[in-house]
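Engineer: Each chain, letter by letter, is given below.
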Amino acid sequence: MPRRLLRDGRIALDDWSYAAEAEGNPDAPLILTLAQWQDQRESWLANERRRLGVVLLPAHKVELLTPDLWRLTLIGAEFSGPGEGRGYSQARALREQWKFGGELRATGYVRRDQLFFMARCGFNSFELPDADIDFAYAALSTFSQAYQPSNDAGLPLKLRRRRWDIPASA
Amino acid sequence: MYRYDVVDKTLVNERVAQFRDQTRRFLAGELSEDEFRHLRLRNGLYIQRHAPMLRVAIPYGLLSSTQLRALGSIARRYDRGYGHFTTRQNIQYNWPKLEDVPDILAELAQVEMHAIQTSGNCIRNTTSDHLAGVTPEELEDPRPWCELIRQWSTFHPEFTYLPRKFKIAVTGAAQDRAASQVHDVGVHIVRGPGGELGFEILAGGGLGRTPIIGQVVREFLPREHLLSYLEAILRVYNLEGRRDNLTKARIKILVKSVGLQEFKRRVEAEWELIRDGGLRVTEEEIARLRSFFVPPAYRRLANIEPAVGKSTAFQAWYRYNTSAHKVPGYRVVYISLKKPDVAPGDITDAQMELLAGLADRYSFGEVRVTHTQNLLLADVEQDETFELWQALEAAGLATPNIGTLTDMICCPGLDFCSLANAGSIDVAKLINDRFDDYDYLYDLGELEIKMSGCMNACGHHHVGHIGILGVDKSGEEWYQITIGGAAGADASLGQVIGPSVAKTDVAETIARLLEVYVDERRHDERFLDTVRRLGVKPFKERVYAAPIAA
Numbered sequence: 001m002p003r004r005l006l007r008d009g010r011i012a013l014d015d016w017s018y019a020a021e022a023e024g025n026p027d028a029p030l031i032l033t034l035a036q037w038q039d040q041r042e043s044w045l046a047n048e049r050r051r052l053g054v055v056l057l058p059a060h061k062v063e064l065l066t067p068d069l070w071r072l073t074l075i076g077a078e079f080s081g082p083g084e085g086r087g088y089s090q091a092r093a094l095r096e097q098w099k100f101g102g103e104l105r106a107t108g109y110v111r112r113d114q115l116f117f118m119a120r121c122g123f124n125s126f127e128l129p130d131a132d133i134d135f136a137y138a139a140l141s142t143f144s145q146a147y148q149p150s151n152d153a154g155l156p157l158k159l160r161r162r163r164w165d166i167p168a169s170a
Numbered sequence: 001m002y003r004y005d006v007v008d009k010t011l012v013n014e015r016v017a018q019f020r021d022q023t024r025r026f027l028a029g030e031l032s033e034d035e036f037r038h039l040r041l042r043n044g045l046y047i048q049r050h051a052p053m054l055r056v057a058i059p060y061g062l063l064s065s066t067q068l069r070a071l072g073s074i075a076r077r078y079d080r081g082y083g084h085f086t087t088r089q090n091i092q093y094n095w096p097k098l099e100d101v102p103d104i105l106a107e108l109a110q111v112e113m114h115a116i117q118t119s120g121n122c123i124r125n126t127t128s129d130h131l132a133g134v135t136p137e138e139l140e141d142p143r144p145w146c147e148l149i150r151q152w153s154t155f156h157p158e159f160t161y162l163p164r165k166f167k168i169a170v171t172g173a174a175q176d177r178a179a180s181q182v183h184d185v186g187v188h189i190v191r192g193p194g195g196e197l198g199f200e201i202l203a204g205g206g207l208g209r210t211p212i213i214g215q216v217v218r219e220f221l222p223r224e225h226l227l228s229y230l231e232a233i234l235r236v237y238n239l240e241g242r243r244d245n246l247t248k249a250r251i252k253i254l255v256k257s258v259g260l261q262e263f264k265r266r267v268e269a270e271w272e273l274i275r276d277g278g279l280r281v282t283e284e285e286i287a288r289l290r291s292f293f294v295p296p297a298y299r300r301l302a303n304i305e306p307a308v309g310k311s312t313a314f315q316a317w318y319r320y321n322t323s324a325h326k327v328p329g330y331r332v333v334y335i336s337l338k339k340p341d342v343a344p345g346d347i348t349d350a351q352m353e354l355l356a357g358l359a360d361r362y363s364f365g366e367v368r369v370t371h372t373q374n375l376l377l378a379d380v381e382q383d384e385t386f387e388l389w390q391a392l393e394a395a396g397l398a399t400p401n402i403g404t405l406t407d408m409i410c411c412p413g414l415d416f417c418s419l420a421n422a423g424s425i426d427v428a429k430l431i432n433d434r435f436d437d438y439d440y441l442y443d444l445g446e447l448e449i450k451m452s453g454c455m456n457a458c459g460h461h462h463v464g465h466i467g468i469l470g471v472d473k474s475g476e477e478w479y480q481i482t483i484g485g486a487a488g489a490d491a492s493l494g495q496v497i498g499p500s501v502a503k504t505d506v507a508e509t510i511a512r513l514l515e516v517y518v519d520e521r522r523h524d525e526r527f528l529d530t531v532r533r534l535g536v537k538p539f540k541e542r543v544y545a546a547p548i549a550a
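Line order of the protein sequences matches chains A and B.
Each residue of the first sequence is one higher than the last, beginning at 1 in my numbering.
Each residue of the second sequence is one higher than the last, beginning at 1 in my numbering.
Check each hint, because a few of them may be wrong.
[Claimed, not checked] Heads up, simulated EDC-like pairs for lysine to aspartate or glutamate below, C-alpha to C-alpha not over 16 Å straight-line:
no.	chain 1	residue 1	chain 2	residue 2
1	B	540	B	515
2	B	165	A	84
3	B	540	B	505
4	B	326	B	381
5	A	61	B	240
6	B	165	B	240
Hints were generated in silico from the structure; no laboratory data involved.
Could you put together the complete structure from these sequences and hints?
Structural biologist: Next comes the structure, spelled out in structure tokens:
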């Protein structure tokens, strides 16, 4: 049974596999750990057929992946528990500084209560436990306003924002 | 003062709905204790020794009379008829029921208040100078900037799960009344090279287990960059701050471990990437926020001397509990919450409601909270101070001790707090019992005693002229005494005088310290200055020369 997740505001069946799940299916889109990616980086880069993703742990610097962003269609950030917060900064750096346009997935401890913030930082897909997934879409609308500029691609509704929240270039 | 617009109102109401649902899920067993802990803490709700404790934010210490009335009403209906003001300008309720908290929050929302981010590992209430806007020695009113920071930091999507709590204080005057140097970030309004106003930014200050005075990370920041610079500091901290050890997780430890220069380099590099992005503060927004803090409609008055010919009790109160105002004919009036038989910072529901009325009658309907756990009416006509004093006196709110020994800062201690090692309220009581002679208190002059019931230092003991820290010694409450600390512009950390003392010996220890001061002081020298001049040694010698016969 494929995993259900929330992606782009919809509940979807996951078309990606982690390495252990992908055995016997050499073309399935594959999510690697950073170690798996780094161990065989050259061959992954050379493999043009397969869609690839890498999951960062909280302590990983996004710069470990940024030279290879062109090859990756998914990046995950793992949240180790309810107090973990580094993934939010990883996500914003990937979206805003490195302009990563692929799937940005929150994994690990991901619950409806954190979803709004995650989405505002640029995550657009979320691996949630079954108890939360049916409430996840509503959680994206917990707040209808925000004070800060951020990366709201993952939110279904456009947030009303403050005046100073307009880029100087606009 | 700042008034909510539709954005602020909507956000606070949506938070109430969110928290109501989270509380329901917890009570229904859908959220574990640990999961709910992370959620409730970000909404100011602790589970304490006896009951939950709810901490309500009072942004930069400013309250309308309507808000104060609502706080009094909540104290009466949901608590045991009182509230406790803290060193960060917030109010705490010690006896609410968990299931009532969503209703309390809904009532707070109706008067534009909330408990958002008053605890937990996130950006806390922004604090400021309680004399903002009325002190003659101010470069600029810091409150519009506080409000800007309040908004930026509220539900910041990236910084709600930080390694540890994060406190910001903003001041615009030469005297630092906000303890900004012992905050994670201190923001000082200063003049730049061309005379324009901007900010000096300090980082890495803090109390707790490892007290550190903040260091300057940027000497001058143009004002339009305030938020982007704070964002850069927070991003470096969020990614690099330690998360493996709770006691090493504050930003001060990061700054200390990588060194100031390297920390600055990282912040500046991050800032370069975002400084011209969407966080740039526009002139229109500054003007909009300033418009909320314009001076009230002062009358044109001459300075008078209202104490002349009045009772000595009024004269003492006027001298100690009022201070200069920048507008002629007006006075700042402190409401002492340090009555000897009351826990420092505590106030009853009836007192709150009475004060709300007095604020309407005498001070443009506003009340302020000081970081020393008192209240003040900022804009009182000198001519009306006598009448006001009579009303305060009748309500037990005119204890004439502001700035003196008995104006102690004190955490709730073992009586309420589940973190505490030792009581502090009862020690305050013992000190009050011992030092009940006002002539002696006035003769001692300015003296700050600060007391914490544990290492977390909520009572700021490190920066007390005399600091008292409760420690647990094999199940008994003992107290470590420090001297020479200060929280103002000349901030310093106190030094331990020697072995800790028993609870019953604290007052005598203080008495001995003061004997040395009285013997050694020169002219108008404060206790703090005598300690700085002589060092700890003579004080230590006197305290430990003979055993204390309790």
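Engineer: Run every hint past the structure and note whether it holds.
Structural biologist: Comparing the hints with the structure gives:
no., hint, verdict
1, 540(B) <-> 515(B), "12 Å, holds"
2, 165(B) <-> 84(A), "13 Å, holds"
3, 540(B) <-> 505(B), "15 Å, holds"
4, 326(B) <-> 381(B), "12 Å, holds"
5, 61(A) <-> 240(B), "10 Å, holds"
6, 165(B) <-> 240(B), "14 Å, holds"
In summary, this structure violates none of the numbered hints.
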